[in-house]
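**Student:** Those sequence lines, one after another, are chains A and B. So in this note's numbering, spot 97 of the first sequence is number 97, and the numbers just go up one at a time. So in this note's numbering, spot 88 of the second sequence is number 1088, and the numbers just go up one at a time.
Check each hint, because a few of them may be wrong.
Straight line, CA to CA, 35 angstroms or less: simulated DSBU-like cross-link-like pairs of lysine-lysine [unchecked claim]:
| no. | chain 1 | residue 1 | chain 2 | residue 2 |
| --- | --- | --- | --- | --- |
| 1 | A | LYS256 | B | LYS1044 |
| 2 | A | LYS120 | A | LYS256 |
| 3 | A | LYS219 | B | LYS1154 |
| 4 | A | LYS241 | B | LYS1118 |
If you are wondering where the hints come from, they were derived from the structure by calculation, not from laboratory data. Bear in mind the structure is a predicted one, so any value in this text is a computation, not a measurement.
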Amino acid sequence: MRDRRAFTLVELLVVIAIIGILIALLLPAVQAAREAARRLQCSNNLKQVGLALLSYESSHGVFPPGALETADGLHWGHSWWVRILPYIEQNTIYDQFDQEGPPTGWLGGNDHNADLLRKKYFPFMRCPSSTLRQWVMAPPHPSWDVYVMSANYTGVSGATDHPTAHDRLDGQPEYGRVSSGGLLIAYGSASAAQATDGMSNTMIVVEQSDWCKDTSGEKFDCRSDTRHGFCMGANRSDSLKRVFNVTTVLHRINEKSWGAVGIGSCAPNQPIQSVHPGGAQALFADGSVHFLSEMVEIQTLYNLANRDDGNVVGDLW
Amino acid sequence: MVTLMVITALRDIYRRCAYALPVALVLLGLCLTGCGGPREILGKVSGKVTFQGEPVSEGLVIFSNTDKGVYMTAKLGPDGSYAVKMAEGSGLPLGTYQVSITPPLVEVPLGPMLTPPKPRAFPNIPPKYRRNETSGLTLTVEQGDNTFDVDMEKRASAANSRS
């Protein structure tokens, strides 16, 4: 007759194994719950940005310019993020921001603005799910110690199939495409009235919260400011016609290939992508935020990026 | 105390149905391996680009599929060879692509750049091959390995650039 209180070694090992399996089953569920909370915060930030954009629109009659050059047209200006600061409770920063320059948004050439924005944290620019760097123009970069915030969201300046779209450098398709068919366009402003597809059918700000990978698997920051900060704008006299903090939609959602056309250093078609599985979030001009699946047809995505293509997207969500 | 009760209960279950454990483990393993996986099947694409038989050692091969929204580049190696690699793995999503061959990208530092650097000429990449509309190159990517070699010719470019 066996003593019921004693355990054999095999029994103990089995019990430990079962407990281990149970924990292994539980852990992903806990992680998923935490990611769901982060994703909610991420979409909340977009909603806040949407409120600011709409407040800007109602006081100016137009949406802010996506990226500006300086008044002399020869230097780097600043982005739409700077323009909406007063509408998102950041008046103090906005009032001190030097909008004359030149340059203004290029902090490598404007010490006043660099000092003003150094280590200034704007929670509404940060998607908590992201592992991308919060501060850019900072170490490990060899020559900068500006520590300016880099946003996890970018403006939509249109899609590659809009009539205004063209190769960034004429006759050189390898440099990507630039469009002014959206609502946050470079060198100009679009009004709500121009969004003839309807405010609820036009994306205005989209998510960029993950890393891109090159052919060797190395990670690269493929946000639209490519490590120049949320304030960086545009400059028509630039020989490469670079535009920052807005993107022209060319790729599918969650295309993360560094080296695809228009994705790369200071490139115009940085992708809509996220760390959330299966898609990315987008703010629409009516202030709503939707999760766009990466299975969305590419033409549908273009239609959402263009404000006036006449294609109204029906039931997507 | 509670732990001991749990352990005792588990021991009883184990004694009654010891055979169930391996079955459960196998099922669990199947479930875990069955979840996830790649989002799309890719066909491997590689090849070599030459100009009148000579390898083109610098440049980009661009693959465009407008229906899918895939616009991918591959860098040419010193011997003119290339292999396409996307973030999800080697190759391209299956389908038909227009192919063009362009010079490599030029990077210039930011700041007031009033005098653009003189672009380098690439006589070994004729203008005809630099645009999808004129290159006349298409590739249908199928599952498995796809080899796509291009030998560019000068004469053809002269004939086409006029149109």
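**Student:** Hint by hint, note whether the structure agrees.
**Tutor:** For each hint, the structure was consulted:
no. : hint                  : result
1   : A/LYS256 to B/LYS1044 : holds, 18 angstroms
2   : A/LYS120 to A/LYS256  : holds, 28 angstroms
3   : A/LYS219 to B/LYS1154 : violated, 39 angstroms
4   : A/LYS241 to B/LYS1118 : holds, 15 angstroms
Of the hints listed earlier, the one the structure fails to meet is number 3.
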